[in-house]
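Trainee: Spelled out from the first residue to the last, the chains are:
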Amino acid sequence: MEKPFAITLDVGSSLANHTGSWRTKRPLYVDRLPPCNNACPAGENIQGWLFHAEAGNYEAAWRVLVQDNPMPAVMGRVCYHPCESSCNRGQFDEAVGINSVERFLGDEAIKQGWKFDAPPKASGKKVLIVGAGPSGLSAAYHLARLGHQVTIFEAGPFAGGMMRFGIPKYRLPREVLEAEIKRILDMGVVLKLNSRVDNILDSMKSAGFDAAFLAVGAHIGKRTFIPAGSAAKVLDAVGVLHSMEGEEKPMLGRRVVVYGGGNTAIDVARTAKRLGATEAIIVYRRTREKMPAHDFEVEEALQEGILIKWLSTIKQVSDAGALTIEKMALDDKGFPQPTGEFETLESDSLVLALGQDVDLSLLNGVPGLEIKDGVVQVSPALMTGYPGIFAGGDMVPSERTVTVAVGHGKKAARNIDAWLLGSSYEAAPKHELANYEKLNPWYYNDAPKTMRPMLETLRRQSTFDEVQGGLDESSAQFEARRCMSCGNCFECDNCYGVCPDNAVIKLGPGKRFEFNLDYCKGCGICVSECPCGAIKMVPEEV
Amino acid sequence: MLKQCEGSHAVASAVAMCRPEVICAYPISPQTHIVEGLGEMVKSGKLAPCEFINVESEFAAMSVAIGASAAGARSYTATASQGLLFMVEAVYNASGLGLPIVMTVANRAIGAPINIWNDHSDSMSQRDCGWIQLFAENNQEALDLHIQAFRLGEELSLPVMVCMDGFILTHAYERVDMPTQEQVDAYLPPFVPRQILDPAEPVSIGAMVGPEAFTEVRYLAHAKQMQALELIPQHAAEFQKIFGRDSGGLVRPYRCEDAETIVVALGSVLGTLKDTIDEMRDAGHKIGVLGIVSFRPFPLQAIREVLKDAKRVVVLEKSLAVGIGGIVSTDVRMALSGLHLHGYTVIAGLGGRAITKASLHKMLQQAMRDELEHVTFLDLDHNLVKRHLEREKQKRRSGPMAENILRDVGVVAARIA
Amino acid sequence: MPFQPVKFYQTGTFTVGNRLLAPEERTVQANMQRTNGLNSGHRACQGCGEALGARYAIDAAMRACNNQLVAANATGCLEVFSTPYPETSWQIPWIHSLFGNTAAVATGIAAALKVKGRREVRVVAQGGDGGTTDIGFGCLSGMFERNDDVLYICYDNEAYMNTGVQRSSATPPAARTATTMPVGVEPGNVFGQGKNVPQIAMAHNIPYVATATVADLHDLEYKVTKAMGMHGARYIHIFVPCPLGWGAASNDTIKLARLARETGLFAVYEAEHGEVTSVSKIRKRVPVEEYLKLQKRFVHLFGKTPATETIARIQAMADRNIRKFGLLEEEGV
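These protein sequence lines are chains A, B and C, in that order.
Note that the first sequence covers residues 1 to 542 in our numbering.
Note that the second sequence covers residues 1 to 417 in our numbering.
Note that the third sequence covers residues 1 to 333 in our numbering.
Any given hint could be a false lead.
To be verified - In silico negatives: residues of chain C with every beta carbon more than 12 angstroms from chain B:
{"hint": "1", "residue": "P86"}
{"hint": "2", "residue": "A104"}
{"hint": "3", "residue": "V150"}
{"hint": "4", "residue": "N205"}
{"hint": "5", "residue": "R285"}
{"hint": "6", "residue": "K304"}
{"hint": "7", "residue": "E309"}
{"hint": "8", "residue": "A312"}
To be verified - Now the stretches of chain C that chain B is said to cover, found in silico as 3 or more residues with beta-carbon under 8 angstroms:
{"hint": "9", "stretch": "61-74"}
{"hint": "10", "stretch": "89-97"}
{"hint": "11", "stretch": "109-117"}
{"hint": "12", "stretch": "227-240"}
The set of hints was computed from the structure by calculation and includes no laboratory data.
Backbone N, C-alpha and C fix where the C-beta goes; we use that ideal spot for every residue, glycine too.
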């Protein structure tokens with residue numbers, strides 16, 4: 001139409017006016033480090049795999065997960081999930097049940113028979129791994145993914161290490177463990193059972209290995225000096241749990257006393273109960289608050305009828321198995337001090353769960369090694385003092401958990417790979433932490449955590465059935481959807497919607513967003529209203 | 001078809017034949033009969049399709065018309081006096097936006113003191129509002145001008161005010177030649193808006209225009225009115241072809257050939273003036289009368305053409321520019337720029353005061369002798385004025401002026417008949 | 001409830017969109033093909049709530065009527081920042097006539113469309129609080145009373161912002177404006193009786209009246225859509241914070257709207273034919289201080305000696321709203 005001059009205008013013509021020139025600060029999309037990822041000893045991209053699980057795309061979720069950790073079904077059962085302790089959602093209602101979703105994904109993978117991608121072109125390099133525990137298996141998996149030929153020498157008759165010999169069946173059913181180990185071996189990893197390495201250098205030389213990763217674990221139960229009668233039955237916890245895997249179940253009697261305060265002590269006491277002990281008593285020298293065992297395990301044990309004697313040390317064991325117990329009291333600094341008060345506790349057997357030592361005999365004669373406090377010292381790259389020999393898991397200084405071991409395996413694999421290529425591995429710099437203050441929690445619905453089903457107490461006391469059940473699909477998805485996606489865009493469209501200047505361009509599913517700096521005036525609403533803290537303002541450059 | 005009817009009824013019928021699509025009505029005397037008539041036609045279905053909207057004020061009436069016109073509907077409303085002033089902001093807006101609304105102004109005085117009777121103060125207050133202003137001499141012309149107004153306004157995208165004297169015309173029963181629908185349809189094509197609010201072709205109407213283009217926008221409004229100066233005679237000629245009547249145009253000179261004295265006026269007073277002039281011509285005086293139909297645009301050239309050979313010009317005005325005198329006179333003077341004529345302004349008929357032939361004779365005799373003051377108030381009761389001025393001199397709290405004068409007059413309606 | 005909250009998803013109910021929601025559960029604003037009725041390049045201040053509210057409302061209305069929309073706009077910020085010659089930000093047929101006549105202009109448009117048989121084309125009128133609650137109130141009431149087929153949307157930022165932040169009849173008590181300076185015995189705006197236009201609109205018994213804020217897009221779009229599904233006079237009053245006029249940070253616009261609702265100072269509800277049909281419950285109730293403190297227009301209440309009595313009176317206003325509309329979950333309606 002032939003419009004009247006000036007007072008009538010063509011629609012949308014203000015696009016010619018680039019209001020971006022008003023700006024003094026500009027918004028920037030960022031990926032901040034979610035606290036769960038930050039806390040994960042295995043270095044999992046938890047927010048990353050939950051993102052796919054939220055959408056019901058479980059295989060994609062699993063594939064993101066196994067980029068870091070090849071054993072999600074195991075992990076979803078035995079990990080102490082520091083991710084959940086640090087989850088921002090814990091400050092909102094309750095932490096996301098990351099561990100239960102991980103288990104769901106792991107179980108789903110087993111059910112669906114998902115396989116790892118075939119390794120790329122072979123590197124031609126051969127790596128020897130000693131020990132088929134969590135760190136050894138993890139290293140094998142990651143090295144195989146990098147194209148290296150991997151052989152594992154395992155001294156025992158089964159693969160799994162402490163996952164098999166340290167963790168009771170009621171926490172980790174063996175078929176789950178077997179399935180996840182098999183999937184790693186299916187990548188072409190060679191496992192040699194009953195193959196003890198007595199001298200690492202000889203073993204490497206004999207088969208022409210280019211590098212080695214030592215992951216023999218810590219299997220020797222620690223002893224403490226307790227005067228005991230010759231007929232007294234004193235066992236060590238690792239031994240007891242180990243024998244659970246054989247034909248001959250350990251004979252512990254009706255009254256079993258476990259000495260120690262770690263998770264192993266709990267495991268042994270609960271195992272004893274299942275083996276028929278009428279009384280399973282843990283004796284621990286400090287209080288519940290000070291106990292190193294995880295509180296949920298303590299709670300589960302108490303539910304199953306395990307008794308715990310706090311602030312108690314065992315001074316003496318008689319032939320008949322009577323234990324002399326001394327009461328302790330905490331001093332000002334929280335250390336237990338003897339009180340001089342004694343009592344007697346009858347027992348059929350005493351199991352010592354006081355920690356484990358490493359069998360370092362295979363390292364005899366290797367030059368350059370440093371051993372301190374019974375463990376092998378390694379560089380930040382997990383290499384021992386001998387070039388090409390790396391070590392991880394319980395045999396190096398660290399927290400002794402399956403998850404830490406799996407993390408060591410990955411880290412070692414990356415460093416071995418770099419070393420084999422004559423370079424060094426540089427981890428990508430960590431993103432800024434997405435702490436709770438960076439979020440806008442208004443946008444999240446109140447949605448309490450989904451509890452995993454628990455086996456009824458009676459069956460827990462008498463059988464080795466798995467205590468904790470898994471989530472069904474809808475619950476797992478619900479739980480995944482409780483993830484607040486801290487620090488990482490989850491495409492909620494908020495920035496796209498709240499911009500008064502239409503200066504956010506939506507790029508389409510999976511492609512996130514982009515700022516149109518021609519029009520962005522720098523008001524910062526997108527930053528304030530981003531639920532997950534994935535945008536920040538930066539000063540405009542002159 | 002000849003018909004004896006009230007002026008308002010004649011106008012309502014003419015407007016209806018123009019097929020208006022939206023009519024907004026707010027009551028104010030003396031225009032009310034027009035919209036009442038239209039309202040009945042719409043409600044009965046005689047005038048369809050058409051929306052008749054009873055609005056809450058004149059401001060709303062003009063605003064509804066603005067919206068309707070911008071959405072492409074032929075829109076009409078009517079008002080008078082205070083009502084016109086109440087809608088002023090929207091009046092300016094309609095012309096500024098170039099919306100061809102037609103509005104009847106049944107001319108009426110503006111208070112205070114409140115007065116419902118006729119003069120031209122209301123329309124004259126809007127002389128600069130950008131609307132075309134046409135003044136009707138009688139009911140026939142009022143009827144005809146409405147038909148021409150739609151045609152003119154829509155062709156130029158400008159609103160048109162048809163001014164007819166309140167009561168004198170609106171309430172007078174006269175014989176009119178009522179056109180047929182066919183004639184009106186032949187003369188007035190359907191409204192094709194220059195701009196329209198339509199989702200099929202969206203535009204933003206009513207932008208804020210700053211110094212960079214405001215002058216140009218105002219100039220274009222002026223240029224359009226200049227175009228109207230050419231269109232109005234053309235439209236009148238076409239009108240004559242179809243309707244057989246000479247109606248409209250810019251100016252209507254009457255016996256101005258060889259006239260030494262010419263009276264200039266607008267509206268219904270022209271009838272009385274013509275009678276007076278006839279009598280004076282019979283008495284041998286060289287005198288004529290010039291009626292202005294188009295007050296805006298003001299036909300400077302046409303007026304100069306008529307007046308240039310006269311010796312004196314008397315502008316008879318039904319409005320007062322307080323503090324100077326005439327409104328029309330000022331414009332007429334501009335038409336006479338450079339000519340040496342005696343010019344007189346006569347203020348007459350304010351608030352409905354009758355303009356009698358006797359008074360006109362007396363005044364014109366004075367004018368012809370060049371004894372008239374430059375600004376003369378016809379039939380001004382000097383005694384009343386003096387008495388009031390005296391009162392004011394005597395005491396501070398002299399009381400309300402209008403009420404005092406009414407008391408002096410004695411009979412309120414004495415001067416109206 | 002105005003709409004069913006999407007349970008079991010972390011943000012479905014509150015964020016603009018979400019890749020996991022079914023398309024029909026997402027907002028218009030989440031759509032890559034949304035109209036952007038108010039386009040980029042407009043000259044609104046940084047963080048303008050009105051620009052945001054207008055786009056929200058117009059885009060929703062456009063969807064509801066299949067893009068067959070015409071808008072009339074009152075004088076004010078929205079008009080000035082969107083259409084300074086030679087550019088307009090509107091993508092729809094739009095007219096600005098005057099400050100006080102928008103409802104009437106819209107009535108005229110609706111009448112024209114009706115007479116032309118274009119029933120598919122719908123009419124929206126929009127203005128700020130000044131153009132609605134003050135100068136345009138007569139025309140608005142007339143439009144209501146006649147039940148003209150117009151959806152009138154008021155973008156309420158509680159003062160005359162375009163002219164430099166002067167008081168309107170929507171300005172809250174104690175607020176500083178250029179004409180209610182924080183001086184004298186009663187600093188800021190007086191505690192008058194207020195002019196609650198949504199309630200006055202309800203008193204006209206028109207088919208639909210609703211209030212909304214820019215902080216709750218789902219609710220806003222639901223209401224616009226619902227209003228567009230009806231004929232006759234409809235009124236939506238949208239609360240749009242003004243960073244400039246309120247002396248607030250430009251990034252706090254939505255937060256302020258949220259707090260206005262969560263304090264109870266701005267009741268969010270809808271009504272049909274004069275009866276309240278639903279209210280948006282307060283999710284996390286907060287004291288009025290949390291809202292007031294973010295705004296320099298109330299800064300005089302928080303000086304060395306806080307104006308506790310004034311704050312208490314404002315809190316009482318919020319409490320009265322909460323009681324009157326039943327804004328708390330447990331109180332019910």
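Trainee: Now look at each hint and say whether the structure bears it out.
Mentor: Hint by hint, here is what the structure shows:
| no. | hint | result |
| --- | --- | --- |
| 1 | P86 | violated (8 angstroms) |
| 2 | A104 | violated (3 angstroms) |
| 3 | V150 | violated (10 angstroms) |
| 4 | N205 | holds (17 angstroms) |
| 5 | R285 | holds (41 angstroms) |
| 6 | K304 | holds (44 angstroms) |
| 7 | E309 | holds (41 angstroms) |
| 8 | A312 | holds (40 angstroms) |
| 9 | 61-74 | holds (count 6) |
| 10 | 89-97 | holds (count 8) |
| 11 | 109-117 | holds (count 9) |
| 12 | 227-240 | violated (count 0) |
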